[in-house]
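I would like the entire structure built from these sequences, with the hints used as guidance.
Number of protein chains: 2
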Amino acid sequence: MTFKFELIKECKDTGARVGKLFTPHGIIETPVFMPVGTQATVKTLSPEELETLGAQIILSNTYHLYLRPGHELIKQAGGLHKFMNWNKPILTDSGGFQVFSLGDLRTVKEDGVEFRSHIDGSKHFFTPEKVIEIENALGADIIMAFDECVPYPCDYEYARKALKRTTRWAERCKTAHQREDQALFGIIQGSAYQELRELSAKEITSLDFPGYAIGGLSVGEPKEIMYEVLEYTTPLMPKEKPRYLMGVGSPDNVVEGIMRGIDMFDCVLPTRIARNGTVMTKRGKLVVRNAGYAKDLRPLDPECSCYTCQNYSRAYIRHLLKANEIFGLRLTSIHNLHFLIALVKEIRESILENRFLEFREEFYEHYGEI
Amino acid sequence: MTFKFELIKECKDTGARVGKLFTPHGIIETPVFMPVGTQATVKTLSPEELETLGAQIILSNTYHLYLRPGHELIKQAGGLHKFMNWNKPILTDSGGFQVFSLGDLRTVKEDGVEFRSHIDGSKHFFTPEKVIEIENALGADIIMAFDECVPYPCDYEYARKALKRTTRWAERCKTAHQREDQALFGIIQGSAYQELRELSAKEITSLDFPGYAIGGLSVGEPKEIMYEVLEYTTPLMPKEKPRYLMGVGSPDNVVEGIMRGIDMFDCVLPTRIARNGTVMTKRGKLVVRNAGYAKDLRPLDPECSCYTCQNYSRAYIRHLLKANEIFGLRLTSIHNLHFLIALVKEIRESILENRFLEFREEFYEHYGEI
Numbered sequence: 009m010t011f012k013f014e015l016i017k018e019c020k021d022t023g024a025r026v027g028k029l030f031t032p033h034g035i036i037e038t039p040v041f042m043p044v045g046t047q048a049t050v051k052t053l054s055p056e057e058l059e060t061l062g063a064q065i066i067l068s069n070t071y072h073l074y075l076r077p078g079h080e081l082i083k084q085a086g087g088l089h090k091f092m093n094w095n096k097p098i099l100t101d102s103g104g105f106q107v108f109s110l111g112d113l114r115t116v117k118e119d120g121v122e123f124r125s126h127i128d129g130s131k132h133f134f135t136p137e138k139v140i141e142i143e144n145a146l147g148a149d150i151i152m153a154f155d156e157c158v159p160y161p162c163d164y165e166y167a168r169k170a171l172k173r174t175t176r177w178a179e180r181c182k183t184a185h186q187r188e189d190q191a192l193f194g195i196i197q198g199s200a201y202q203e204l205r206e207l208s209a210k211e212i213t214s215l216d217f218p219g220y221a222i223g224g225l226s227v228g229e230p231k232e233i234m235y236e237v238l239e240y241t242t243p244l245m246p247k248e249k250p251r252y253l254m255g256v257g258s259p260d261n262v263v264e265g266i267m268r269g270i271d272m273f274d275c276v277l278p279t280r281i282a283r284n285g286t287v288m289t290k291r292g293k294l295v296v297r298n299a300g301y302a303k304d305l306r307p308l309d310p311e312c313s314c315y316t317c318q319n320y321s322r323a324y325i326r327h328l329l330k331a332n333e334i335f336g337l338r339l340t341s342i343h344n345l346h347f348l349i350a351l352v353k354e355i356r357e358s359i360l361e362n363r364f365l366e367f368r369e370e371f372y373e374h375y376g377e378i
Numbered sequence: 009m010t011f012k013f014e015l016i017k018e019c020k021d022t023g024a025r026v027g028k029l030f031t032p033h034g035i036i037e038t039p040v041f042m043p044v045g046t047q048a049t050v051k052t053l054s055p056e057e058l059e060t061l062g063a064q065i066i067l068s069n070t071y072h073l074y075l076r077p078g079h080e081l082i083k084q085a086g087g088l089h090k091f092m093n094w095n096k097p098i099l100t101d102s103g104g105f106q107v108f109s110l111g112d113l114r115t116v117k118e119d120g121v122e123f124r125s126h127i128d129g130s131k132h133f134f135t136p137e138k139v140i141e142i143e144n145a146l147g148a149d150i151i152m153a154f155d156e157c158v159p160y161p162c163d164y165e166y167a168r169k170a171l172k173r174t175t176r177w178a179e180r181c182k183t184a185h186q187r188e189d190q191a192l193f194g195i196i197q198g199s200a201y202q203e204l205r206e207l208s209a210k211e212i213t214s215l216d217f218p219g220y221a222i223g224g225l226s227v228g229e230p231k232e233i234m235y236e237v238l239e240y241t242t243p244l245m246p247k248e249k250p251r252y253l254m255g256v257g258s259p260d261n262v263v264e265g266i267m268r269g270i271d272m273f274d275c276v277l278p279t280r281i282a283r284n285g286t287v288m289t290k291r292g293k294l295v296v297r298n299a300g301y302a303k304d305l306r307p308l309d310p311e312c313s314c315y316t317c318q319n320y321s322r323a324y325i326r327h328l329l330k331a332n333e334i335f336g337l338r339l340t341s342i343h344n345l346h347f348l349i350a351l352v353k354e355i356r357e358s359i360l361e362n363r364f365l366e367f368r369e370e371f372y373e374h375y376g377e378i
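Here the protein sequences come in this chain order: A and B.
Going by this note's numbering, 231 is the number at position 223 of the first sequence; the sequence numbering is gapless.
Going by this note's numbering, 361 is the number at position 353 of the second sequence; the sequence numbering is gapless.
By construction, these hints were calculated from the structure, which means they are not laboratory data.
Careful, some of the hints might be misleading.
[To be verified] Each computed BS3-like pair below joins lysine-lysine, with the alpha-carbon atoms no more than 25 Å apart:
#1 B:Lys182 to B:Lys172
#2 B:Lys330 to A:Lys131
#3 A:Lys330 to B:Lys131
#4 A:Lys83 to B:Lys303
#5 B:Lys138 to A:Lys303
#6 B:Lys20 to B:Lys90
#7 B:Lys131 to B:Lys12
#8 B:Lys330 to A:Lys303
#9 A:Lys303 to B:Lys131
#10 A:Lys138 to B:Lys247
#11 B:Lys90 to A:Lys330
#12 A:Lys303 to B:Lys303
#13 B:Lys303 to A:Lys131
#14 B:Lys20 to A:Lys90
#15 B:Lys138 to B:Lys83
#16 B:Lys290 to B:Lys353
#17 A:Lys28 to A:Lys12
#18 A:Lys90 to B:Lys90
#19 A:Lys83 to A:Lys172
#20 B:Lys353 to B:Lys20
#21 B:Lys330 to A:Lys83
#22 A:Lys131 to A:Lys83
#23 B:Lys83 to A:Lys330
#24 B:Lys353 to B:Lys96
#25 B:Lys131 to B:Lys96
#26 A:Lys247 to A:Lys293
#27 A:Lys96 to A:Lys12
#28 A:Lys117 to A:Lys182
[What the hints assert, rightly or not] Pair ranges (Cβ atoms, derived):
#29 A:Glu370 to B:Thr60: 51 to 59 Å
#30 B:Gly62 to A:Leu305: 29 to 37 Å
#31 A:Leu305 to B:Asp119: 31 to 39 Å
Glycine included, each C-beta is placed from N, C-alpha and C at the ideal position.
Encoded structure:
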C-alpha cells in the first residue's frame, strides 16, 4: 500500500478535521495520539496491550535505537516491526530533538551534528544522510527529516539560522531517502516568531513531503504561545497532507491542537506520569500514590472503561506502587494511554457529528477540578 | 465446594503420584507448581497472563500483606482474590519463614514471635491465633499453620525444641481457625534429623489437617540432604492428603520432589532469576543478559511454545534488559513460569502414562549442558 492521506471532514467552526492515513502497516484514523516506544517498547506494555488500548501507530526514537541496540541489528531482524513484534504502523523521529537536547555533549556544524552518547560517552556524527540511512534500516512507515530544534526562549537570529539549516537538511534528507514504502515528513521550525514560522512553512512545504510536522514546540514555552504558533502555522500547511505536532500530549493541549488543525500527536507524558503514580482523568490529574487513596476501593476513574478501572481499586494500585511492584506501573500506564486514545477518539466522533465545540466546552467544564 | 483431595494414580516404581485438589476457587491438578505473588501480585505479571501460563494456584505471603497494605483493608476489599483480581485458588503461607528470616529483628517466645517490620522498623507480635486471624481475613483457599522454621545447619536440641513448639502452635492454629471455606495445612519440621522429622510427622499428622507441608528445606542444605529428608518423611505423611514441599522450585528439585511423593511446590526462583536476566531451559540456565546474545535472533529456547519464545528474540530481550525496560522482565518471567508449569504438567502426564522414570532419564540427558 502506498502512503495516502484522505481528508474526511472539516469542522465548520474551527480548524479541526478528521482524516485517514494509509500506510504499509495499516490505516490510521486521524486525529490520532501515538504512544511513544523510545527503545523499541512502549514502557511497561506489550504490543497486544497497546492494540487492545486502540493504539493505531506508535513512535520510536532513532537516536536511542541507533545507540542501542543498533539499527543494523534491527535491520537484520527484519526491521523494527518484527524486532519488537508490533505489526501496525510505526513512526520514527529523526533524533534531531534528542541530539540537540544533549547540550554540551553536541556540536552543530553545517554538515551535521557531532555528539557523545548519553550511555557510554562514545563519539558519533549525525548528518541528514546518516539519519535517513538509520531510519531506512529501522523501516518505520513514517520517518522524520533531520532538523535543528531550538530551545525556548531563543533569540531571533539563532532561530532563523536553525530553520534555514533545517530546510537545507530537509532537502538532503529527501535526496538521501530511498525506500518507497516509507513516507518522509518535513519539519517546520521557527521558534515562537511568526515571520520565521511563515518562512519555514514556505520553504519546507515547497519540498513537497507527504506530511508535515511542527517542531520546536512543547519545549518550555507557555501553552498560550504554543496555541498562538499553531494558529498562524497550520493555515500555512497544505490541507491535503497530515499535520503532526511533535512532543505534545497533555489532554488540554491535544484538544487545542486539534481545534487548530493538527492531526497527529505524540508524547511521553501519559506513560511517564503513570510511572510516577499520577493518572489522567476528565477532572484532571489524580495522584494515586498519595496517602489519601490508601483505603479507597473505587477505581482510578469511576467513569472509565479501561482494563485497570474495570478490575482494580485505587487502594490496590497504590499498594503496588508503594511496594515497588511493576504491575502497578502497568496498570497506571494502561489507564493513561487509554484515557488519551479514547479522548482523541471522542473528539474525532464529535467532529464527524458537527459538535466539536460542544465537546470542547463539556471537556473544560470539569477539567482541572482535582 | 468443600476441600477434597483425590488420589488418581500412583507411580509403581517411585513415590510419584497424580491427584486432584478441590478448593472453593477451583480444581487443582497435582503435582502443581505455584507461582509466588508475595505482595498480592506475581511480580511483573497480570492475572490474565498467569492464567494463560496455566497457573492453577498462586501463593501469597501473610507477613508481607499484614505489614502492607494490611489484612483489614484486603478483607474490606472482599478478600485477596477480589483485591488482586485473581479468581483461582490462592494459598497463603503463615509468615513463619519470613519472621524467622528476620534474624536480629525478632524474638521467639512460647506465645509467639515479636518482630520489627523490615519496612519501617515498627514492632509487631505474631501468635498462632493472630496469624490465623490474618489468614482468615485474607481469605485464601489454603492457609498454613504458624511454624518455627530453623536454618541449616541447626543443632539437634534447637531443632527439637522448634519442632515441639511448631506442634503446640499447630494445635493453637487449628483451634483458632474459623472459616470452613479455607483448608488449614500443618507443617512438618525437624531439620535434617530423621528422628526429628519422624517425631514431627507423627505429632502433626495426629492433628488431622486436610493437607501437610514439609517446611525447613531449601534453606541452604545440599540438595542430597533435601532428597534424603524427603525420602524418609513423605512415607510418614498420609497418602490420601496433599503433600506440599515449601519454597522449592528449581527444575531438578521439582523432578526429584515429585519422585519422592510431593504434590505441591512454590518458589520465587523462576521469577527472581528472570528479573536478573536468566532463563530456564531443558538444557539448563541461559543468561540472556550476556553479551554473547546481543545479536542472537533465535528465541530464548527454540523448543519452547511460550508467548516470549513465539514472538521475541534473545537479541530483543537482551536489549530490553540492558536498557532497563520493564517489558524485558515480563518476557523472561513469562518464559520461566511457563517452563516450570509446563515441566510439572509433562511430569503429570508421564505418571499417568506409566513412564515417569523414562521421563526423568530424558530430563537429565541434556539438563545442565548450558
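Verification of the hints:
1. B:Lys182 to B:Lys172: Cα-Cα ~16 Å, so holds.
2. B:Lys330 to A:Lys131: holds, 20 Å
3. A:Lys330 to B:Lys131: Between Lys330 (chain A) and Lys131 (chain B) the Cα gap is close to 20 Å, so the pair holds against 25 Å.
4. A:Lys83 to B:Lys303: holds, 11 Å
5. B:Lys138 to A:Lys303: Cα-Cα ~22 Å, so holds.
6. B:Lys20 to B:Lys90: violated, 42 Å
7. B:Lys131 to B:Lys12: Given that 25 Å is the threshold and the Cα spacing comes to 38 Å, the pair is violated.
8. B:Lys330 to A:Lys303: violated, 37 Å
9. A:Lys303 to B:Lys131: Roughly 22 Å between the alpha carbons, so the hint for Lys303 (chain A) and Lys131 (chain B) holds.
10. A:Lys138 to B:Lys247: violated, 71 Å
11. B:Lys90 to A:Lys330: Judged against 25 Å, a Cα distance of about 19 Å means the pair holds.
12. A:Lys303 to B:Lys303: Violated, at roughly 48 Å.
13. B:Lys303 to A:Lys131: Holds - the C-alpha atoms of Lys131 (chain A) and Lys303 (chain B) are around 22 Å apart, at most 25 Å.
14. B:Lys20 to A:Lys90: violated, 49 Å
15. B:Lys138 to B:Lys83: holds, 15 Å
16. B:Lys290 to B:Lys353: The hint holds at about 14 Å.
17. A:Lys28 to A:Lys12: Given pair Lys28 (chain A), Lys12 (chain A) holds - Cα atoms ~8 Å apart, limit 25 Å.
18. A:Lys90 to B:Lys90: Answer violated: Lys90 (chain A) to Lys90 (chain B) is near 37 Å, above 25 Å.
19. A:Lys83 to A:Lys172: Not OK: Lys83 (chain A) and Lys172 (chain A) at ~32 Å, beyond 25 Å, violated.
20. B:Lys353 to B:Lys20: holds, 19 Å
21. B:Lys330 to A:Lys83: holds, 19 Å
22. A:Lys131 to A:Lys83: holds, 22 Å
23. B:Lys83 to A:Lys330: Holds. Lys83 (chain B) to Lys330 (chain A) sits at ~19 Å (cutoff 25 Å).
24. B:Lys353 to B:Lys96: Within the cut-off at roughly 18 Å; holds.
25. B:Lys131 to B:Lys96: violated, 34 Å
26. A:Lys247 to A:Lys293: Outside the cut-off at roughly 34 Å; violated.
27. A:Lys96 to A:Lys12: Holds - the C-alpha atoms of Lys12 (chain A) and Lys96 (chain A) are around 16 Å apart, at most 25 Å.
28. A:Lys117 to A:Lys182: holds, 19 Å
29. A:Glu370 to B:Thr60: 51 to 59 Å: violated, 39 Å
30. B:Gly62 to A:Leu305: 29 to 37 Å: Holds, at about 30 Å.
31. A:Leu305 to B:Asp119: 31 to 39 Å: Holds: the Cβ-Cβ distance is about 34 Å, inside 31 to 39 Å.
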